[in-house]
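J.: Going down the list, the protein sequences come from chains W and S.
Take 1 as the starting number for the first sequence in full-length UniProt numbering and just add one per residue.
Take 1 as the starting number for the second sequence in full-length UniProt numbering and just add one per residue.
Simulated from the structure, these hints should not be mistaken for laboratory data.
Don't take every hint at face value.
[What the hints assert, rightly or not] With a straight-line Cα cutoff of 30 Å, these simulated DSBU-like cross-link-like pairs (lysine-lysine) come out:
(1) Lys357/W with Lys416/W
(2) Lys416/W with Lys198/W
(3) Lys234/S with Lys562/W
(4) Lys168/S with Lys196/S
(5) Lys395/W with Lys468/W
(6) Lys357/W with Lys100/W
(7) Lys477/W with Lys168/S
(8) Lys468/W with Lys168/S
(9) Lys68/W with Lys100/W
[Stated by the list, open to error] Restraint-style ranges between C-beta atoms, simulated for each label pair:
(10) Asn147/S with Arg542/W: 58 to 68 Å
(11) Glu401/W with Gln177/S: 25 to 35 Å
(12) Asn147/S with Met517/W: 34 to 44 Å
(13) Glu247/W with Thr6/S: 30 to 40 Å
Being a predicted model, the structure only gives us computed values, none of them experimental.
For every residue, glycine included, the Cβ atom is placed at its ideal position computed from N, Cα and C.
The chain contents come next:
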Amino acid sequence: MAQQRTALWEADLDEDFHDVDLNLAIGSYGQNGLYDDAQPRIDETTLLVVQQQVAQQAALAQVPDAVKRFILHFHQAVLENNLAEITVAYESGWNRLTEKHYAKNEWPEAEVIAPLVNDDQIFLILYRELYYRHVYSRLQPDIDDRFHSYENSCELFNYLLNSDGPVPLELPEQWLWDIIDEFIYQFQSFCVWRLKVKSKSDDELILLADASQVWSSYSVLNVLYSLIQKSKINEHIVALQEGKSQEEITKIVGEFGVRPLYRMLGYFSIIGLLRVHSLLGDFTLALKVMENVELNQKSPFTRVTACHVTTYYYVGFCYIMLRRYPDAIRTFVSILNFILRMRQYHTRSYQYDQINKTADRMYALFAICTALSPTRVDDNISNIVKERYGEQFAKMSRGDEGIPAFEELFLYSCPKFISANPPPYEDPELFQGYIEDPPVEPAQRHLSLFLSDVRAQAPAPTLRSFLKLYTSLNATKLANFLDADEEEMVQQLMVMKQASRSVSRVESQKGLLGGEMISTSDLDFVINENMVHIAESTVGRRYAGWFIRNNEHAQRVLDTLKNSPLPVPPRPTQPAQPAKVDGVSAPANGAPKPSGQRVAWGGVKAA
Amino acid sequence: MTSATTWATPPTRTELIENLVSGVDRYNPSNVGILEDYLYHQIRSEEYDCLANLAILKLYQFNPDLHNPDVVINILIKALAALPFPDFNLCISLLDERPVTANPDEPDPLPSLLPVLQSLHNLLQQCRFPAFWTLYRSEKAESLRDNYTVEVVGFENAVREVVVRAVKAAFQRIGSQRLSSYLDLSGEELSAYAEKLGWAFDASTGVVLIPPNPDNQIESTVVQENIQLPQLVKVITHAQAA
Numbered sequence: 001m002a003q004q005r006t007a008l009w010e011a012d013l014d015e016d017f018h019d020v021d022l023n024l025a026i027g028s029y030g031q032n033g034l035y036d037d038a039q040p041r042i043d044e045t046t047l048l049v050v051q052q053q054v055a056q057q058a059a060l061a062q063v064p065d066a067v068k069r070f071i072l073h074f075h076q077a078v079l080e081n082n083l084a085e086i087t088v089a090y091e092s093g094w095n096r097l098t099e100k101h102y103a104k105n106e107w108p109e110a111e112v113i114a115p116l117v118n119d120d121q122i123f124l125i126l127y128r129e130l131y132y133r134h135v136y137s138r139l140q141p142d143i144d145d146r147f148h149s150y151e152n153s154c155e156l157f158n159y160l161l162n163s164d165g166p167v168p169l170e171l172p173e174q175w176l177w178d179i180i181d182e183f184i185y186q187f188q189s190f191c192v193w194r195l196k197v198k199s200k201s202d203d204e205l206i207l208l209a210d211a212s213q214v215w216s217s218y219s220v221l222n223v224l225y226s227l228i229q230k231s232k233i234n235e236h237i238v239a240l241q242e243g244k245s246q247e248e249i250t251k252i253v254g255e256f257g258v259r260p261l262y263r264m265l266g267y268f269s270i271i272g273l274l275r276v277h278s279l280l281g282d283f284t285l286a287l288k289v290m291e292n293v294e295l296n297q298k299s300p301f302t303r304v305t306a307c308h309v310t311t312y313y314y315v316g317f318c319y320i321m322l323r324r325y326p327d328a329i330r331t332f333v334s335i336l337n338f339i340l341r342m343r344q345y346h347t348r349s350y351q352y353d354q355i356n357k358t359a360d361r362m363y364a365l366f367a368i369c370t371a372l373s374p375t376r377v378d379d380n381i382s383n384i385v386k387e388r389y390g391e392q393f394a395k396m397s398r399g400d401e402g403i404p405a406f407e408e409l410f411l412y413s414c415p416k417f418i419s420a421n422p423p424p425y426e427d428p429e430l431f432q433g434y435i436e437d438p439p440v441e442p443a444q445r446h447l448s449l450f451l452s453d454v455r456a457q458a459p460a461p462t463l464r465s466f467l468k469l470y471t472s473l474n475a476t477k478l479a480n481f482l483d484a485d486e487e488e489m490v491q492q493l494m495v496m497k498q499a500s501r502s503v504s505r506v507e508s509q510k511g512l513l514g515g516e517m518i519s520t521s522d523l524d525f526v527i528n529e530n531m532v533h534i535a536e537s538t539v540g541r542r543y544a545g546w547f548i549r550n551n552e553h554a555q556r557v558l559d560t561l562k563n564s565p566l567p568v569p570p571r572p573t574q575p576a577q578p579a580k581v582d583g584v585s586a587p588a589n590g591a592p593k594p595s596g597q598r599v600a601w602g603g604v605k606a607a
Numbered sequence: 001m002t003s004a005t006t007w008a009t010p011p012t013r014t015e016l017i018e019n020l021v022s023g024v025d026r027y028n029p030s031n032v033g034i035l036e037d038y039l040y041h042q043i044r045s046e047e048y049d050c051l052a053n054l055a056i057l058k059l060y061q062f063n064p065d066l067h068n069p070d071v072v073i074n075i076l077i078k079a080l081a082a083l084p085f086p087d088f089n090l091c092i093s094l095l096d097e098r099p100v101t102a103n104p105d106e107p108d109p110l111p112s113l114l115p116v117l118q119s120l121h122n123l124l125q126q127c128r129f130p131a132f133w134t135l136y137r138s139e140k141a142e143s144l145r146d147n148y149t150v151e152v153v154g155f156e157n158a159v160r161e162v163v164v165r166a167v168k169a170a171f172q173r174i175g176s177q178r179l180s181s182y183l184d185l186s187g188e189e190l191s192a193y194a195e196k197l198g199w200a201f202d203a204s205t206g207v208v209l210i211p212p213n214p215d216n217q218i219e220s221t222v223v224q225e226n227i228q229l230p231q232l233v234k235v236i237t238h239a240q241a242a
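Take these sequences, add in the hints, and give me the full structure.
T.: Encoded structure:
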């Protein structure tokens, strides 16, 4: 069965890529205005080629020497599969030169620098990968950039997936993650862009009408699934979990999966699927593809922080959409604490900003979850949430009137949703109708679904605040307090009860979809005919954590003090004085003079 | 449906369907028929498999020309009865842009029925059960009843199960009149239904007694801290080393 599937998808992939090449060829040559000639004559083409070569040589001469040296060096490092050198070039060299020479314009085109690298096609594909990423992040990609970056991604994945056997290439993990991350980002960016039908020029409309396959959802999913299957990453993870030996694993994962390049691309593709499915609004499937992945910080796949953070963000968000707030809260707390701890090491990383932005969105999501499912939660995180989103949180905790706050935070922190299909660019009639009456934007659709759930449980906070005051209360009386119809209020009580229950993952269970029903609220009640009985659970004050933390801190301070050398005596000429205080510090080295000072200083600190 | 695991993998799912739901074949448009047949099987035999139905909607999402409004409506009807779980909205999430089916011979019933289904869903979700039955029996929902829910075996009872889930979590005893309005049953039918659930019906007081379950037993508790030895290992080790 598995064999068959692989074959099916490979076939699809080939086909797609052929289509794409054709379309893109049209796209790129269209600029030259030669396409009106049905039969371009050979001498004209030759002339064009020569002209192009001359132009490219001139362009190469313009490239600063530092950049040329960098490219030569980078190429050498890739040829030698020298991971250390590649990493340096990738993480620091490229960014430094970007700041210096290309902050506001493109890097030289791949064709221009081709002579420097002996026309090494593989290197040029990798170079273009960086080239387009720079265009997307620093500049405004135009339609050609969008089409060409797609074509280049296809060439890269084609090379990786459809060569005879695994390719002899090695790249740093960070770069591999960035390749997948950027591939999905560009897909999402294209989908958002193509949805803006009104701002398209005539040329763009013609190109879009012809190119329904470019950046299609199917082609993107094909790449991700193919990488997962080639690398046998799911089998690999399962084997690791079953504690199989290295030899057994090698046998299981095959010639592709043993290579770090394929293994990591496979793993990152699973995360990529999680993301693509979330963007398309399929939150169940998003969590289902993560079936084998264990969410913990010990997994060998968590070394790329950006990937780690992305994973938790999307998993947490999917849990919100599945209305599993406790699971979402747990997911966010775990990763936000991780980010807090990592902060000191990451301030200079070029991804620090990105991680911080994602973290901020997760704080917002966390605020949403705790407003909908009030629970006792991690102090560290909730303090930061109070600082950043205290105002919104207060509104959200008040039910109906908090809807605008929910809306604000949801739109700020949700993924950039996309629709699976392009507007009907290829059909002028339908397209006209589409412009006149465009469908609701994806983000707005998901927002309104989410808000409908929020509205459904909107009466809960008010009821809760009343119930908190009683141990038992007649429903009629409660309805009077609330100035509400009794029957309606009883129905709202049932809503409140259901809102205080949620499915939540159980430790031992595999997969992210499983779980059991738990109670999430400290306030519980039951209705006996018409009498409401209320019970509240309280948590006794917790001392242990505080005690342990401070104890360990004190021990560290004491150790540091003991291990540091005593200060050099200020007046060595004076005869030694007998120490006034013994035993406070009795190190074996005989320098007792400053002890008086030390005690005084220690005394001040203790006061 | 207390465990999400049975929700994700119902025991009634066959191996064929499991392969489709969990494998890459789920994207193959030629498999849509198998999944649609399975949906109609669910409708006839009071089974429910949310993930398989989502797989149909996924195929529709990617292949708008496959879109079959009757199937979509049936999926939504099945998802209604899954409340308080969010299945209904999870399905709606996948109904992307309007499908472009401008076929005058076969008008698309979805645009007119979707608002009715959504209203029904909202009422059920807000536990406004009497209002649900009023709307469901009204003229507005006539086409839904006559063309769709009539084919869904046990639809009304499936909705009653949603009611039962809400009532048994919130009540220890409930007035029979109230219960009657929630279940849209009265007299003989009501007492028979309560009996089937094992709920004792006291005819003299008109009160129904709901057996204890984890949700209708409440207790005030004080959670005390429980310190485990491993938490103190560092402190103790240090004391020993010092």
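J.: Below or equal to 30 Å on CA atoms is what counts here, so check Lys477/W against Lys168/S.
T.: The given pair, whose Cα atoms are some 23 Å apart, holds under the 30 Å limit.
J.: Could you grab the alpha-carbon distance between Lys234/S and Lys562/W and see if it respects the 30 Å cut-off?
T.: holds (18 Å)
J.: Between Lys468/W and Lys168/S, is the straight-line Cα distance small enough, at 30 Å or below?
T.: holds (22 Å)
J.: For the hint 25 to 35 Å, verify it against the beta carbon of Glu401/W and that of Gln177/S.
T.: Hint holds: Cβ distance 34 Å, inside 25 to 35 Å.
J.: Is the Cα-Cα distance between Lys357/W and Lys416/W 30 Å or less?
T.: This hinted pair holds, its Cα atoms lying about 14 Å apart.
J.: Holds or violated: are the alpha carbons of Lys168/S and Lys196/S at most 30 Å from each other?
T.: holds (14 Å)
J.: Within a Cα-Cα threshold of 30 Å, do Lys357/W and Lys100/W meet the stated pairing?
T.: Roughly 25 Å between the alpha carbons, so the hint for Lys357/W and Lys100/W holds.
J.: Quick check on a hinted range of 30 to 40 Å for Glu247/W and Thr6/S, using CB atoms only.
T.: At roughly 38 Å between Cβ atoms, Thr6/S and Glu247/W fall inside 30 to 40 Å, so the hint holds.
J.: Has the hinted range 34 to 44 Å been met by the Cβ atoms of Asn147/S and Met517/W?
T.: holds (35 Å)
J.: Given the hint that Lys395/W pairs with Lys468/W, does the C-alpha gap stay at or below 30 Å?
T.: holds (19 Å)
J.: Is the hinted pair Lys416/W and Lys198/W satisfied, with a Cα-Cα distance of at most 30 Å?
T.: Judged against 30 Å, a Cα distance of about 20 Å means the pair holds.
J.: Tell me if the straight-line CA distance from Lys68/W to Lys100/W falls inside 30 Å.
T.: OK: Lys68/W and Lys100/W at ~14 Å, within 30 Å.
Comparing the model with each numbered hint stated earlier shows that all of them hold.
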